[in-house]
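Make the full structure from the sequences, and use the hints.
Chains as they are written, first to last, in my numbering: chain A, 1 to 346; chain B, 1 to 325.
Hints in this document: simulated from the structure, not taken from any laboratory.
Even for Gly, the Cβ is constructed at its ideal location relative to N, Cα and C.
Among the hints, erroneous ones may be present.
Here's a subset of chain B near chain A, in silico, CB distances under 8 Å, partners left out [stated by the list, open to error]:
(1) Tyr32
(2) Asp54
(3) Ile57
(4) Thr58
(5) Ala126
(6) His128
(7) Asn181
(8) Gly185
(9) Glu186
(10) Tyr187
(11) Pro190
(12) Arg301
(13) Ala307
Keeping only pairs whose Cα atoms sit at most 30 Å apart, straight-line, the calculated DSS-like set for lysine-lysine is [unchecked claim]:
(14) A:Lys56 / B:Lys158
(15) B:Lys197 / A:Lys56
(16) A:Lys280 / B:Lys38
Okay, the calculated beta carbon distance ranges per label pair [said to hold, decoys possible]:
(17) B:Gly105 / A:Asp214: 42 to 52 Å
(18) B:Arg224 / A:Pro332: 30 to 40 Å
(19) A:Gly174 / B:Asp20: 27 to 37 Å
(20) A:Pro129 / B:Ser21: 54 to 64 Å
(21) A:Lys187 / B:Pro49: 35 to 45 Å
(22) A:Pro129 / B:Gly183: 58 to 68 Å
(23) B:Cys265 / A:Pro332: 31 to 41 Å
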Amino acid sequence: MNETDQMNPSGQSSSARLFIMIMPNMDRVDVLFLYRQMLLIRRFEEKSAEMYALAKIAGFLHLYIGEEAIAVGTIAALRPDDYAISAYRDHGHCLARGSDPGHVMAELFGKATGLCQGKGGSMHLVDAPRRFMGGYAIVGGHIPLATGLAFATKYQKLDLVTVCFFGEGAIPSGQAHEALNLAALWKLPVIFVCENNRYGMGTSAERAIALYADVAGAARSYGIMAERIDGMDVLAVRDVMRKVVEQVRGGKGPFFIEAMTYRFMGHSMSDPAHGHYRTKEEVEEHRKRDPLLLLKETILSTDLGTEADFIQLEREVGEVVTAAVKFADESPFPVLSELYNDVLAE
Amino acid sequence: MLMSYREALNQAMREEMRRDSRIFLIGEEVGYYQGAFKVSKGFVEEFGPQRVVDTPITEAGFTGLAIGAAMAGLHPIVELMTMNFGILALDQIVNNAAKIHYMSGGQLSVPLVIRGPGSAAHQLGAQHSQSLEAWFCHVPGLKVIAPATPHDAKGLLKSAIRDNNPVIFIEAQLLYGTKGNVGDGEYTIPIGVAEVKRAGRDVTIVAYSKMLQLALEAADQLSREGIEVEVIDPRTLNPLDLPTIVASVKKTGRLVIVEEGWRYCGLGAQIAESVYAAAFDYLDAPIQRVTGEDVPMPYSRPLEDAALPDKARVIEAVKALYGVQ
Ligand SMILES: Cc1ncc(C[n+]2csc(CCOP(=O)(O)OP(=O)(O)O)c2C)c(N)n1
Chain A
1 MNETDQMNPS GQSSSARLFI MIMPNMDRVD VLFLYRQMLL IRRFEEKSAE
51 MYALAKIAGF LHLYIGEEAI AVGTIAALRP DDYAISAYRD HGHCLARGSD
101 PGHVMAELFG KATGLCQGKG GSMHLVDAPR RFMGGYAIVG GHIPLATGLA
151 FATKYQKLDL VTVCFFGEGA IPSGQAHEAL NLAALWKLPV IFVCENNRYG
201 MGTSAERAIA LYADVAGAAR SYGIMAERID GMDVLAVRDV MRKVVEQVRG
251 GKGPFFIEAM TYRFMGHSMS DPAHGHYRTK EEVEEHRKRD PLLLLKETIL
301 STDLGTEADF IQLEREVGEV VTAAVKFADE SPFPVLSELY NDVLAE
Chain B
1 MLMSYREALN QAMREEMRRD SRIFLIGEEV GYYQGAFKVS KGFVEEFGPQ
51 RVVDTPITEA GFTGLAIGAA MAGLHPIVEL MTMNFGILAL DQIVNNAAKI
101 HYMSGGQLSV PLVIRGPGSA AHQLGAQHSQ SLEAWFCHVP GLKVIAPATP
151 HDAKGLLKSA IRDNNPVIFI EAQLLYGTKG NVGDGEYTIP IGVAEVKRAG
201 RDVTIVAYSK MLQLALEAAD QLSREGIEVE VIDPRTLNPL DLPTIVASVK
251 KTGRLVIVEE GWRYCGLGAQ IAESVYAAAF DYLDAPIQRV TGEDVPMPYS
301 RPLEDAALPD KARVIEAVKA LYGVQ
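Structure, rendered in structure tokens:
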């Protein structure tokens, strides 16, 4: 893989172009699965916003709308026993990892049937059986954890990789740099996936990161192989990630991916879709490269699927999300004695 | 003048920044975003980006930078988006800000305010709902303030900005929108002076920040039942105005301390110890504490409600002083 691979003006990385050339050999089942996963996240997030407006969900709610291709493309390249960990914008990663949407929604509702029995909430989803090791709400704070997961798998002589998702806003943090150095120093099997959606709350990358034009450069400075990719193209993401995962699994040390993306919604529910920090036009411009649209166009143009397939997927996913809400709504709240359980392990 | 807690903070900083060009505000989203909770509304427009400095998400870095700037003669106000993120800056606060004056034998000083919201709001989860004032109060070399009303917030913030020491100034998300009368014109409130917020003869309640409101509501209800509660807001947590609390306890003989933070090693334990030492013979019953439960804050609504002090618990604690269930 070429470390200096940069985005061309159309926003595609050279590896993405390469991949599209081999597209005709794509498996119909595979591409429709990727589409379905992204659609599930999209509809789940839209429903979450609705439920927030109805006060079924409270606290902070950060939607992943616009960024679905990164979680779906990356996780599609993993084995079920690989680890994944993310920040607080975590519904997409959790769903892509295969968590049951009903249990995820129930967690957002604070119900006893939630993934974490209602104790975690939107920002702290954990699904240990699916090796989703959690969402964390202190920016940069989980990057050392990912490094530790990778340290453990190497120590245990397991051929597992750990994927760590975080926003570009974490890049200036000391914890990120300490973790990058350790990962490089000890050649740990960890893949850092920086979801560069261009803003940390209202602060653009230009205003927060000295090397904003090459965020991956931070990793390279520690000797970590790094690549910038188009995070709106799920096939490109998966293609690159397959190679990266193979290399990292093979013991070549950590890898850093800077996936260029865009958050279509506000930072959280209290932030409008376009605050004073970005214009409506800018948001509209990026919506033209909606990851769902891009994949749909590819599928239709390569005859891997038809409009009927998409109608069918919409129906299926719609039913799943409706059922998730119903499950969450009908589930009980935790009993009060739960308050004191799990403070310490047995 | 009636104004919100948020506006009172805004005025305090604005007046001080107009008065003294050494003062600048630094933190995440303080400038163009107008503050994560809109406390610095209009600041970047008035003072410009040189004095209203937006930072990357680097609490240790910019807090350390502010300490360095203070050592060189500036008077920084550091806004922490929430006190939870102060944990990332704790090394700078504890190992540098709090000790530099002492370690240098008084040669250097660190005139610095670190402010932002502490405590829980509504279902923000375990990492965003903490009351960490006891941590800061534990450290010699820091002053700690936690005002409950707009009037106190304004007067104390101005004093904090004028102080020559590092001051931790703890606000609360759920207080920002609350309104109250704020004194007209220029005024300050001295650090280290409590205020009797309600006079009473039977029981003393000490409560600060968000908990003051609970205490006052409980006092109203208890008054209807014939128990007259005196409510004291220490306002400054370190240095603590012990004489005001002790004088009240000597009068009432009964004390309840209300705090939102965890019980174990909480601030109330320290206040109780100080009161026992100063007024043991005056107490008619053991001191009662109402605190947050010793658990990481759960997200789920009923669990969160159960983890936090409420009016009913304050009333129960008062009645327990009389042996009533
Ligand atoms: C240490 C810390 N400081 C501040 C915050 C408040 N905060 C929450 S999200 C956020 C922006 C993060 O942006 P980025 O990492 O790019 O992720 P994105 O939200 O864009 O996914 C900030 C400042 C926090 N959670 N943790």
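Checked hints:
no.	hint	in the structure
1	Tyr32	6 Å, holds
2	Asp54	6 Å, holds
3	Ile57	5 Å, holds
4	Thr58	5 Å, holds
5	Ala126	7 Å, holds
6	His128	6 Å, holds
7	Asn181	28 Å, violated
8	Gly185	33 Å, violated
9	Glu186	32 Å, violated
10	Tyr187	33 Å, violated
11	Pro190	35 Å, violated
12	Arg301	5 Å, holds
13	Ala307	6 Å, holds
14	A:Lys56 / B:Lys158	41 Å, violated
15	B:Lys197 / A:Lys56	37 Å, violated
16	A:Lys280 / B:Lys38	22 Å, holds
17	B:Gly105 / A:Asp214: 42 to 52 Å	46 Å, holds
18	B:Arg224 / A:Pro332: 30 to 40 Å	36 Å, holds
19	A:Gly174 / B:Asp20: 27 to 37 Å	31 Å, holds
20	A:Pro129 / B:Ser21: 54 to 64 Å	59 Å, holds
21	A:Lys187 / B:Pro49: 35 to 45 Å	42 Å, holds
22	A:Pro129 / B:Gly183: 58 to 68 Å	59 Å, holds
23	B:Cys265 / A:Pro332: 31 to 41 Å	34 Å, holds
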